[in-house]
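Novice: Given chain Y's structure and the hints, the job is docking chains W and L with the ligands onto it.
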Amino acid sequence: MNSDAHPLARIAPEPGVSKPDPILVLDSVLRAFGGLRAVDVNHLEIQRGTITSLIGPNGAGKTTLFNVLTGFDRPEAGKWELNGGPLVGIPSFRVARKGMVRTFQLTKSLARLTVLENVLVAAKDQVGETFFGALFGRWRHIEEANEERAMRELKRFGLEHMVDEYAGSLSGGQRKLLEMARALMVEPEVVMLDEPMAGVNPALTQSLLSHIMALRDDGKTVVFIEHDMDVVQEISDWVVVMSQGAVIAEGPPAHIASNPEVIDAYLGRDHGEVP
Amino acid sequence: MDLVKILIDAGRTAVGVPAAAYALSSIGLNLQFGYTGLLNFGHVASMLVGAYGMAITVDSGGPLWLGVIVGIVAALILGLILGVPTLRLRADYLAIVTIAAGEILRLTVRSSWAAPLTKGIFGIQQFADPFFDVNPIPVGLYGIGRFRFDERTMWVLLLGWGLVALATLFMWKLTRSPWGRAIRAIRDDEDAALSLGKNVFGYKLQSLMVGGAIGALAGMFLAIDQQNVNPDAYIPLLTFYAFTIVILGGPGTLFGPIIGSIIFWFLFEFLDGFMTAAVLEGWFGDVLDSTDIGPIRFALFGIGLMWLMIYRPQGLFGRREEMLIGEQ
Amino acid sequence: MQTTRRILIAAILAILAVVLTPLAAFAEDESIKGRLEKIDGEEREPVGGVTITVELDGEEIGTAESNDNGEWEIPVPGAGTYLVRLEVDTLPDGVALTDPEKFELPDVSVRNNQNKTTRFNLGPGLTSGVSTYERVGSLFVIGLKFGAIIALSSIGLSLIFGVTGLVNFAHGDLVTLGAVIAFWFNAAGGGPRWHILLAAVPAVLLVAGFGGLQERNLWRPLRNRGTGLVAMIVVSIGLSFVIRYAILVVFSGLPRPFRDYAIQDDIQILGITTVPKNLAIIGFTAVVLALIGLFLTRTKLGTAMRAVADNSDLAESSGIDVQRVILVTWIVGAGLAGLGGVMFGISEQVQWDMGFKLLLLIFSAVILGGLGTAYGAMLGGFIVGVAVELSTLVIPVEFKTAVALAILIAMLLVRPQGLLGVRERIG
Ligand SMILES: Nc1ncnc2c1ncn2[C@@H]1O[C@H](COP(=O)(O)OP(=O)(O)O)[C@@H](O)[C@H]1O
Ligand SMILES: [Mg+2]
Numbered sequence: 012m013n014s015d016a017h018p019l020a021r022i023a024p025e026p027g028v029s030k031p032d033p034i035l036v037l038d039s040v041l042r043a044f045g046g047l048r049a050v051d052v053n054h055l056e057i058q059r060g061t062i063t064s065l066i067g068p069n070g071a072g073k074t075t076l077f078n079v080l081t082g083f084d085r086p087e088a089g090k091w092e093l094n095g096g097p098l099v100g101i102p103s104f105r106v107a108r109k110g111m112v113r114t115f116q117l118t119k120s121l122a123r124l125t126v127l128e129n130v131l132v133a134a135k136d137q138v139g140e141t142f143f144g145a146l147f148g149r150w151r152h153i154e155e156a157n158e159e160r161a162m163r164e165l166k167r168f169g170l171e172h173m174v175d176e177y178a179g180s181l182s183g184g185q186r187k188l189l190e191m192a193r194a195l196m197v198e199p200e201v202v203m204l205d206e207p208m209a210g211v212n213p214a215l216t217q218s219l220l221s222h223i224m225a226l227r228d229d230g231k232t233v234v235f236i237e238h239d240m241d242v243v244q245e246i247s248d249w250v251v252v253m254s255q256g257a258v259i260a261e262g263p264p265a266h267i268a269s270n271p272e273v274i275d276a277y278l279g280r281d282h283g284e285v286p
Numbered sequence: 002m003d004l005v006k007i008l009i010d011a012g013r014t015a016v017g018v019p020a021a022a023y024a025l026s027s028i029g030l031n032l033q034f035g036y037t038g039l040l041n042f043g044h045v046a047s048m049l050v051g052a053y054g055m056a057i058t059v060d061s062g063g064p065l066w067l068g069v070i071v072g073i074v075a076a077l078i079l080g081l082i083l084g085v086p087t088l089r090l091r092a093d094y095l096a097i098v099t100i101a102a103g104e105i106l107r108l109t110v111r112s113s114w115a116a117p118l119t120k121g122i123f124g125i126q127q128f129a130d131p132f133f134d135v136n137p138i139p140v141g142l143y144g145i146g147r148f149r150f151d152e153r154t155m156w157v158l159l160l161g162w163g164l165v166a167l168a169t170l171f172m173w174k175l176t177r178s179p180w181g182r183a184i185r186a187i188r189d190d191e192d193a194a195l196s197l198g199k200n201v202f203g204y205k206l207q208s209l210m211v212g213g214a215i216g217a218l219a220g221m222f223l224a225i226d227q228q229n230v231n232p233d234a235y236i237p238l239l240t241f242y243a244f245t246i247v248i249l250g251g252p253g254t255l256f257g258p259i260i261g262s263i264i265f266w267f268l269f270e271f272l273d274g275f276m277t278a279a280v281l282e283g284w285f286g287d288v289l290d291s292t293d294i295g296p297i298r299f300a301l302f303g304i305g306l307m308w309l310m311i312y313r314p315q316g317l318f319g320r321r322e323e324m325l326i327g328e329q
Numbered sequence: 007m008q009t010t011r012r013i014l015i016a017a018i019l020a021i022l023a024v025v026l027t028p029l030a031a032f033a034e035d036e037s038i039k040g041r042l043e044k045i046d047g048e049e050r051e052p053v054g055g056v057t058i059t060v061e062l063d064g065e066e067i068g069t070a071e072s073n074d075n076g077e078w079e080i081p082v083p084g085a086g087t088y089l090v091r092l093e094v095d096t097l098p099d100g101v102a103l104t105d106p107e108k109f110e111l112p113d114v115s116v117r118n119n120q121n122k123t124t125r126f127n128l129g130p131g132l133t134s135g136v137s138t139y140e141r142v143g144s145l146f147v148i149g150l151k152f153g154a155i156i157a158l159s160s161i162g163l164s165l166i167f168g169v170t171g172l173v174n175f176a177h178g179d180l181v182t183l184g185a186v187i188a189f190w191f192n193a194a195g196g197g198p199r200w201h202i203l204l205a206a207v208p209a210v211l212l213v214a215g216f217g218g219l220q221e222r223n224l225w226r227p228l229r230n231r232g233t234g235l236v237a238m239i240v241v242s243i244g245l246s247f248v249i250r251y252a253i254l255v256v257f258s259g260l261p262r263p264f265r266d267y268a269i270q271d272d273i274q275i276l277g278i279t280t281v282p283k284n285l286a287i288i289g290f291t292a293v294v295l296a297l298i299g300l301f302l303t304r305t306k307l308g309t310a311m312r313a314v315a316d317n318s319d320l321a322e323s324s325g326i327d328v329q330r331v332i333l334v335t336w337i338v339g340a341g342l343a344g345l346g347g348v349m350f351g352i353s354e355q356v357q358w359d360m361g362f363k364l365l366l367l368i369f370s371a372v373i374l375g376g377l378g379t380a381y382g383a384m385l386g387g388f389i390v391g392v393a394v395e396l397s398t399l400v401i402p403v404e405f406k407t408a409v410a411l412a413i414l415i416a417m418l419l420v421r422p423q424g425l426l427g428v429r430e431r432i433g
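Protein chains in written order, with our numbering: chain Y, 12 to 286; chain W, 2 to 329; chain L, 7 to 433.
Same shape as in the complex, but just chain Y:
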C-alpha cells in the first residue's frame, strides 16, 4: 500500500489528535456505571473513508462506546457529531437513518425471519413499511428492487444458498455474516462492527476482511472492534486503543504495535483482575 499518499500518513500518533476530514467527532464523552467510568473519552476523531480499529482489553469500554455513539445508551456527559451534525440525545433508530449503523458483539439475528427477510427488513424508504402504505401504497416494485440488492449483499457474504432458511437455524458465524449484510442494506456512511470476526469460521475470515476493505473502497467509513492484532495490522488505516474507558493511544497500526503503553494495557489484562 502506498502509505505516503495516505491522508493519515502525516498525523501525529497521539490520543485526541485532529484529522484532516473527520466524519465522527467526540468530545468529553462520559458513561459511568455507579463508580465505574466505563467510557471516559476526551476527544476523538474518526477519519472519513478509512478503516479504524478500536482495540483494548476486555472491559475497556469499547462496546459501551459503540452503544453511546449509536444511541443505545445515554452517557452522563459529552457530545459527538456525525458529519458536523450533533447526535446527542438522538434515538438509536434515527442514528441509523442518519447513516451510522452498528452490529452487535452478541449477534442479534431475527430468528423467525428468513435470511432474505432479515436483509430486506433493513432497506430504507419502503412505503410499505408505514401502516397506511402497507394497506394502500404501491410497494411491490420497491420490494423487487430491494430484493435484487439484498441478493447481491447475500451473495457477497456467501449466504445466497440459504435465503429461505430461518435465520435462527444458521450457525454463529453465518449469523455474523448475515448481520453485516443486513447492516449494509441500510446504505450507511459509517459502519460500526463490534467484533465481527469472533466465532466466524477461520476459513471465512480472509474473505470477510476483504469485504471490509471493499467497504472502504466504496467510500464508507468503518470502525471496528477486534482482538486479533494480526487482523488489525493487516487492514486498519488507524488504530485507537482504549483502556479503562479512556483512549490511551492512537496511531497507524505499525506504531501502535510497538507502543509500550499499549503493551502494558494488554499485559495488565493478562495478569490482572478480570478473568
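The set of hints was computed from the structure by calculation and includes no laboratory data. Careful, some of the hints might be misleading.
What the hints assert, rightly or not - Derived Cβ-Cβ restraints for the label pairs, each shown as a range:
no., chain 1, residue 1, chain 2, residue 2, range
1, W, ILE138, L, ASP105, 53 to 59 Å
2, L, LYS306, Y, ASP228, 58 to 64 Å
3, L, ALA412, Y, GLY230, 52 to 58 Å
4, Y, TYR277, L, LEU419, 44 to 50 Å
5, Y, PRO24, L, ALA412, 57 to 63 Å
6, Y, SER221, L, ARG231, 50 to 56 Å
7, L, SER324, Y, ALA156, 49 to 55 Å
8, L, ARG231, Y, SER182, 27 to 33 Å
9, L, ALA412, Y, ASP239, 51 to 57 Å
10, L, SER324, Y, ASP275, 47 to 53 Å
11, Y, PHE44, L, ASP272, 51 to 57 Å
Unchecked claim - Here are the simulated DSSO-like pairs of lysine-lysine, each with C-alpha atoms no more than 30 Å apart in a straight line:
no., chain 1, residue 1, chain 2, residue 2
12, L, LYS283, W, LYS120
13, W, LYS120, L, LYS406
14, W, LYS120, L, LYS39
15, W, LYS174, Y, LYS119
16, L, LYS363, L, LYS122
17, W, LYS174, Y, LYS135
18, W, LYS120, L, LYS363
19, Y, LYS90, Y, LYS119
As the list claims (entries may be wrong) - Quick look at which bits of chain W chain Y covers, simulated, 3 or more residues with Cβ under 8 Å:
no., stretch
20, 174-183
21, 200-210
Note that CB positions come from ideal geometry on N, CA and C, so glycine has one too.
Specialist: Relative to the frame of chain Y, chains W and L with the ligands by itself:
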C-alpha cells in the same frame, strides 16, 4: 351420560357466537402478541371500551353506526394511553399496566360515579334493535337435529363470521407487507430492529392500537348478541381466553386465531357438559357439586395455558423447530 | 442435606394433602348478605368498612365488614331465624341510619341453601364534629397498615424478579394461599382451631415450602430449557388461574373472617381513633421488615442474594451457588407473601381472590420502589398504602385502586427504574 349430546352441544358452541367473538378478539391479540411480541394482558379492556362506547352512544340517543365508530375510536385512544408510558420499557411493564388498567376500567364503569352514563352494576340493555330489525333471514330453524340455530342466531353468526373474515383479510394485507415484516423483526429482536433504523416504539404503538380496535369490534359483537353490556362480564379471564386461543392456533399465523377459537370452545364446552353430567350421575360423590364445575373448569384452563406455553408455544400444529429458534 | 430436603418436601406435601382434604368440607351453603348504600336524594354511594354481626339466640355466629362496594356476606350454619346487627359506631362520618332505632333486625329467617338478602337504610347523618386532623390521622394509620401488608407481600415478587428476571403474576395467589391455610388452622370446622397467631406459623411455612417446590419443579426446569421471558410470564398467569380457582373450589366464594381479632373496640391514640389490630400489624411488620434488612445485609445468604440480583453472571463467577440462592429467594419470598396474606386476613377477611386483587397494589409498590430491590418494595408498599387510603378524602372510595395505577403510570413516565432502582443494563 349422553356423550353424543354433549359432543353436539360442544360442536355448536365451536361454530357459534362465542367462537366467532373470540376468533375476532384473538385476531387483535395475535397482531399484538403473535406478530409484534407485545404482552397485552388487558385485551379485555378494548373489548370493554368497544362495547361500552357503542352502548352508551346508542343509549344517549345516537344511531348504532355512530356507536360502532365511537367504540373503535375509544379503543384506539385506550391503546395510545396505555402504550405511551410502557412501550419504551421491557415487555413485562406493558403486561403489568394493561392488566391493571383493565381492572380499573371495569371498576370505573361499575362505579356509581360513572353510573349516569354506564348505568353502574345494572349495565345497558337493548341497544342493538336496529341490527335485529333488518334481519333478512326468514323465521325458522336452520341445521340438522340438535345442531340447529334460529334465525336470530343465524343473523348474529353471519355478522360474527363476516367480521372474522374481513379482519382476516385485513390482517393478510397487513402482515404480508413490509410493515408486517417490520413488526415481526421487532418481535424477534428489538435492538436489531432499532439498529436498522426502525421506529420500534411507533410500530408497537400502531400494533397495540390496531389490535385493540379489533378487540373492540369483538366486544361490540358480543354486546350486540346479548343486547347487554355489564361491567362484571369484563373480567381479566377474557384476555387469557384470547391468549390461549392465539397460542393454540399458533401465534403469528394468519388463521391461527380462527382454528384456535374453534378448538378452544369445543374443548371448553365439552369439559363443561361432561363434568356436569358426571356430577349429576354422582361420579364425584359429595366431594364436588355442580357449583364447583365452573371453578374447576377455570383451573383446568390454567393448566392448559401453562402446558401449551411450555410444550407447544408454536401452537398445536406449528412446527416445533420454529419455536425452538425463538428461544435461542 | 439432600435427604433433609427430601424429607422436608415430603412433609410439606403431606401437610398440604391433610389441609386440602378437609377444606373441601367447609363449603357452607346458607348465608346472610346485603349491600350498604348511602342514599342522599338522587345520589347513591356504597358504604364500606361497616361491621355487621349475626347472632343466634344471643350467641355471635359471625361478623363481616362491608367492602368497597358496600357488600357484605356472613355464612350461617343452617336454616333458622337470626339477629342481624349493624355496628353503628363503625359507620363512616356523614353516614347514619335513616331510622336510628333500626340498627338491629331481630327476625331474619333463612331457608335451606338460601343466601338471604337484608337491608339497612342509610342516609347522610348530621355533619359530625370530626376534625380534619382526626380524619387524616385515622386514614393515615389505616394506610400504614395497608402499606405494611403490601410491603410484606411485595418483597418476594421484587426479589424473585431480581434474581431470575421473572415477574410472577401468580404471586398474589400466594398471599391468598397463606390466608386460606391459616383459616383452616384457625377457624375451619375440621381444623384444630388454633389461635390465629399460632395458625400463622404453619401457613407461612407451607406457603414458603410451596414457593420452593414451584422453583424446583417448574421455574428451574423452564430456565434450564432456555424458556424466554414472555413465555415464563404467560406460564405464571396460567399458574395463577390454577391456584386461584383451586382455592375457590375448596374454600368457596364466601369471604370469612378469622376467629380472633375480627371485631375490636376503637381506641384513641394522640386523638386518632383506630382499632388495636391496625397498630399491631404495623408494629409487627416493622419488626419483620427490619429482620429482613438484617438478613440481606448481615448474613452470607442475604448478601449473596443481593449479589445475584445485581449481576447473576458475576455472582456465579465469584463462586456463589446461584441456583441455591434462587431457591432460597423463592422460599423466603413466598413465605413473606403468605405472612402478608395472614395479616390481610386479620385486617379484613379471607377471600378466594384477595391476593389477586392485591396484585395491582403490589405491582405499583414494586415499580414505585424499583423492581428487583427489597427496600424498594418496602418503601413502595408503604407509600402506595398511605396514598391509596388518603385519596379517599378527595375521590370516591371506589377509585382507591385507580390511585395505585396512576402512581404506577406516573412512575413509569418519569423514572421507570423506580425510586431505589438503577438504570437498566443495555446490550
Ligand atoms: N449496563 C451496564 N451496567 C453496569 N456495568 C456495565 C454495563 N455495561 C458495561 N458495563 C461495564 O463497563 C465496562 C466496559 O464494558 P464493555 O464496554 O462491554 O467493554 P468491552 O466491550 O471493551 O469489552 C465493563 O467493566 C462492564 O462490566
Ligand atoms: Mg465488547
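Novice: Give a verdict on every hint.
Specialist: Outcome of the hint check:
| no. | hint | result |
| --- | --- | --- |
| 1 | ILE138(W) / ASP105(L): 53 to 59 Å | holds, 56 Å |
| 2 | LYS306(L) / ASP228(Y): 58 to 64 Å | holds, 59 Å |
| 3 | ALA412(L) / GLY230(Y): 52 to 58 Å | holds, 54 Å |
| 4 | TYR277(Y) / LEU419(L): 44 to 50 Å | holds, 45 Å |
| 5 | PRO24(Y) / ALA412(L): 57 to 63 Å | holds, 58 Å |
| 6 | SER221(Y) / ARG231(L): 50 to 56 Å | violated, 41 Å |
| 7 | SER324(L) / ALA156(Y): 49 to 55 Å | holds, 54 Å |
| 8 | ARG231(L) / SER182(Y): 27 to 33 Å | violated, 21 Å |
| 9 | ALA412(L) / ASP239(Y): 51 to 57 Å | holds, 55 Å |
| 10 | SER324(L) / ASP275(Y): 47 to 53 Å | violated, 26 Å |
| 11 | PHE44(Y) / ASP272(L): 51 to 57 Å | holds, 53 Å |
| 12 | LYS283(L) / LYS120(W) | violated, 38 Å |
| 13 | LYS120(W) / LYS406(L) | holds, 20 Å |
| 14 | LYS120(W) / LYS39(L) | holds, 23 Å |
| 15 | LYS174(W) / LYS119(Y) | holds, 28 Å |
| 16 | LYS363(L) / LYS122(L) | holds, 26 Å |
| 17 | LYS174(W) / LYS135(Y) | holds, 21 Å |
| 18 | LYS120(W) / LYS363(L) | holds, 24 Å |
| 19 | LYS90(Y) / LYS119(Y) | holds, 27 Å |
| 20 | 174-183 | holds (count 8) |
| 21 | 200-210 | holds (count 3) |
In the structure shown, a violation is registered for the earlier hints numbered 6, 8, 10, 12, in ascending order.
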